[in-house]
Amino acid sequence: MDARVNKRTPLYSEHVKAGAKIVSFAGFFMPLYYKSIIEEHLNVRNDSGIFDISHMGEIIIKGRDASSFVDYVFTADVSKIKDGEIIYSLILNEKGGIIDDVTVFKFSDSDYMAVVNAANTPKDFSWMHYQQIEFQKAGNNVTVENISETVGLLSVQGPKSRDLIYSLASDAVDIGKCGLFDFKFGAKPVKELKHFEFSCAVFKDINVEALISRSGYTGEFGFEIFVSAEKTVVLWNYLLKNSRLSNLIPIGLGARDTLRFEAALPLYGHELDETINPYDAGLEKYLSTTKNFIGKEALSDIKNKEKRLIFFKLSGKQIPRHLQRILDKNLKPIGCIASGTYSPSNKFPIGSAYLSDTDIDPLFLKDFFIDIRGNFEKAEVVVPPFHRNFKRS
Amino acid sequence: MAINGEFYFAKSHEWISKNADDKFYIGISDFAQSELGDVVYVSFPEVGKVYEKGDKIGEIESVKSVSEIYAPVSLKIISVNSKLNDNPELINRQPYDAGFVAEAEVSDSSDVDGLMDKNAYESFITSIHE
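Sequence lines, in order, name chains A and B.
Here the numbering used here is used: the first residue of the first sequence is 1, the next is one more, and so on.
Here the numbering used here is used: the first residue of the second sequence is 1001, the next is one more, and so on.
Source of the hints: derived by calculation from the structure; they are not laboratory data.
As the structure is a prediction and not an experimental result, all values here were calculated from the model.
Think of the CB as a built atom: it goes at the ideal place given N, C-alpha and C, for glycine as much as any other residue.
Treat the hints loosely; a few may be bogus.
[What the hints assert, rightly or not] List time: in silico DSS-like cross-link candidates among lysine-lysine, alpha-carbon distance up to 25 Å:
no. : chain 1 : residue 1 : chain 2 : residue 2
1   : A       : LYS378    : B       : LYS1083
2   : B       : LYS1076   : B       : LYS1056
3   : A       : LYS285    : A       : LYS80
4   : A       : LYS347    : A       : LYS332
5   : B       : LYS1083   : A       : LYS347
6   : B       : LYS1118   : B       : LYS1023
7   : A       : LYS204    : A       : LYS231
8   : A       : LYS347    : A       : LYS35
9   : A       : LYS305    : A       : LYS332
10  : A       : LYS194    : A       : LYS184
11  : A       : LYS21     : A       : LYS231
12  : A       : LYS391    : A       : LYS35
13  : A       : LYS366    : A       : LYS307
14  : A       : LYS177    : A       : LYS194
15  : B       : LYS1083   : A       : LYS35
16  : B       : LYS1049   : A       : LYS21
17  : A       : LYS313    : A       : LYS191
18  : B       : LYS1076   : B       : LYS1053
19  : A       : LYS347    : A       : LYS378
20  : A       : LYS317    : B       : LYS1049
21  : A       : LYS317    : A       : LYS35
22  : A       : LYS313    : B       : LYS1083
23  : B       : LYS1056   : A       : LYS317
24  : A       : LYS62     : A       : LYS291
25  : A       : LYS21     : B       : LYS1118
26  : B       : LYS1083   : A       : LYS317
27  : A       : LYS332    : A       : LYS378
28  : A       : LYS307    : A       : LYS296
29  : A       : LYS123    : A       : LYS62
30  : A       : LYS35     : B       : LYS1056
[What the hints assert, rightly or not] Listed next, with one range per pair, are the computed distances between beta-carbon atoms:
no. : chain 1 : residue 1 : chain 2 : residue 2 : range
31  : A       : ARG388    : B       : SER1065   : 24 to 34 Å
32  : B       : GLU1068   : A       : CYS336    : 18 to 28 Å
33  : A       : GLY269    : B       : ASP1055   : 48 to 58 Å
34  : A       : ILE147    : B       : GLY1114   : 26 to 36 Å
35  : B       : PHE1124   : A       : ASN346    : 33 to 43 Å
36  : B       : ILE1128   : A       : GLY269    : 49 to 59 Å
37  : A       : CYS336    : B       : ASN1087   : 25 to 35 Å
38  : B       : GLU1046   : A       : CYS336    : 27 to 37 Å
39  : B       : GLY1114   : A       : SER13     : 53 to 63 Å
All chains, please: the whole structure from these sequences, using the hints.
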């Protein structure tokens, strides 16, 4: 760990006070777990949990031509969504490699926010800033601004998270300013928000306004709350003080990873990177067919997938880890692990891998092995999500 | 069960404890288990095999990481704690008792005296944590 480069989120001291095991992640000191990854994971699947994800980046895209800009920089049909809606998208380089996967929030045709992976915030912002200059040269009006340091981001996830949020979050009375954000559209009541919609919530007891979205990274019903950095601690402690409403506990990055992986949600640096194209990752549905975007031309030359992403479970107990090899029944290497972990919902090890031979049909892939430090562990292809049959306790 | 002898620690965070019946138990320290987090798998040393001090005798795997177990002194493995196969979390819950890793014979018990006692180990942890 290098204290000179690692940043702290506004909640760092709260995590330390709570006894969290702190690790360095994406340039931040973050809680890996407070007590136990497995207990935290199951608490989210059964009840609810709150995550500090303030390390994630927020980039504002504004201006008369913001809609053409987001349509060019992002692969999905971003400008077509309604004000108050969110869309998942990729950012590609000119070769079609994945620079990042992001969610984009639309405030209006001239005002968007991209929420980006913490490790990629500087890279994404430089990329978007470069594109902004090119756009401006062509006479367009658009600016991008990295507001990550001014924003705290909390995620409240789990089937009971609604009991907490619906009790504590009131609706904003006036359309207009909402904490750090300007709403020019009529924000929906919090209780009416559907998946990938956002609005303004007022936490009256503590006099805090925040942008609230129905979104998350766990495969559960949940919310993400964007609040000013100064009010993040107050909101975090207020929600935890009311923990009885949903059996809320703080959740570290360890369970964030096991939860997202059971739901088969990709993680940049594991399932995605600049050497992987959207077809390899099975994300072609996020590529617009009706507009041009950076990387589209290169993708049109990619006739076949270069790799194929599969998901699997192991019959043994050892955990597969990133970059370990997959072997076929003759012990010939056929690919590499993207993510591997223990599934707390199933109590067995699970993983994802890129097969380098795209002629292999995963459905017919039988008798293959993971080379775990010289032990060849038998694996079996699984269609995710992994937590589908989880019985809530 | 109750392991009732004195505990002695290696710098690699294993403990060894001599009991009334002259058997030695070995395991990993409370500090080691808390650093690893939820243990999900233990690979055991070979029963009957003699290991030299510092030899790798097994692995403990948690959700996030994997860590090797080293012989704290030269020893011969008598049996392993097979309860850990189905309940690896015993290492987290009772690292000094039901979460022991193996039972061993130690030919030269003066080796154990060369390890850290509880107080020395606690100062050692404080020193590496700073």
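Each hint, compared with the structure:
1. A:LYS378 to B:LYS1083: Roughly 23 Å separates the two Cα atoms, so the pair holds.
2. B:LYS1076 to B:LYS1056: Distance of about 13 Å is within 25 Å: holds.
3. A:LYS285 to A:LYS80: holds, 15 Å
4. A:LYS347 to A:LYS332: With a Cα-Cα distance of about 29 Å, the restraint between LYS347 of chain A and LYS332 of chain A is violated, given a limit of 25 Å.
5. B:LYS1083 to A:LYS347: holds, 17 Å
6. B:LYS1118 to B:LYS1023: holds, 19 Å
7. A:LYS204 to A:LYS231: holds, 13 Å
8. A:LYS347 to A:LYS35: holds, 18 Å
9. A:LYS305 to A:LYS332: holds, 21 Å
10. A:LYS194 to A:LYS184: This hinted pair holds, its Cα atoms lying about 19 Å apart.
11. A:LYS21 to A:LYS231: holds, 24 Å
12. A:LYS391 to A:LYS35: holds, 23 Å
13. A:LYS366 to A:LYS307: holds, 18 Å
14. A:LYS177 to A:LYS194: holds, 22 Å
15. B:LYS1083 to A:LYS35: holds, 23 Å
16. B:LYS1049 to A:LYS21: violated, 36 Å
17. A:LYS313 to A:LYS191: violated, 38 Å
18. B:LYS1076 to B:LYS1053: The hint holds at about 11 Å.
19. A:LYS347 to A:LYS378: holds, 16 Å
20. A:LYS317 to B:LYS1049: holds, 24 Å
21. A:LYS317 to A:LYS35: Distance of about 22 Å is within 25 Å: holds.
22. A:LYS313 to B:LYS1083: holds, 24 Å
23. B:LYS1056 to A:LYS317: holds, 20 Å
24. A:LYS62 to A:LYS291: holds, 20 Å
25. A:LYS21 to B:LYS1118: holds, 23 Å
26. B:LYS1083 to A:LYS317: holds, 14 Å
27. A:LYS332 to A:LYS378: holds, 14 Å
28. A:LYS307 to A:LYS296: OK: LYS307 of chain A and LYS296 of chain A at ~19 Å, within 25 Å.
29. A:LYS123 to A:LYS62: holds, 19 Å
30. A:LYS35 to B:LYS1056: Since the Cα atoms of LYS35 of chain A and LYS1056 of chain B sit roughly 28 Å apart, the hinted pair is violated (cutoff 25 Å).
31. A:ARG388 to B:SER1065: 24 to 34 Å: holds, 28 Å
32. B:GLU1068 to A:CYS336: 18 to 28 Å: holds, 24 Å
33. A:GLY269 to B:ASP1055: 48 to 58 Å: Violated: the Cβ-Cβ distance is about 35 Å, outside 48 to 58 Å.
34. A:ILE147 to B:GLY1114: 26 to 36 Å: Since ILE147 of chain A and GLY1114 of chain B have Cβ atoms about 58 Å apart, the given range 26 to 36 Å is violated.
35. B:PHE1124 to A:ASN346: 33 to 43 Å: holds, 39 Å
36. B:ILE1128 to A:GLY269: 49 to 59 Å: Since the Cβ atoms of ILE1128 of chain B and GLY269 of chain A sit about 29 Å apart, the hinted range of 49 to 59 Å is violated.
37. A:CYS336 to B:ASN1087: 25 to 35 Å: Given range 25 to 35 Å: holds, Cβ gap about 33 Å.
38. B:GLU1046 to A:CYS336: 27 to 37 Å: Check passed, 31 Å falls within 27 to 37 Å.
39. B:GLY1114 to A:SER13: 53 to 63 Å: violated, 41 Å
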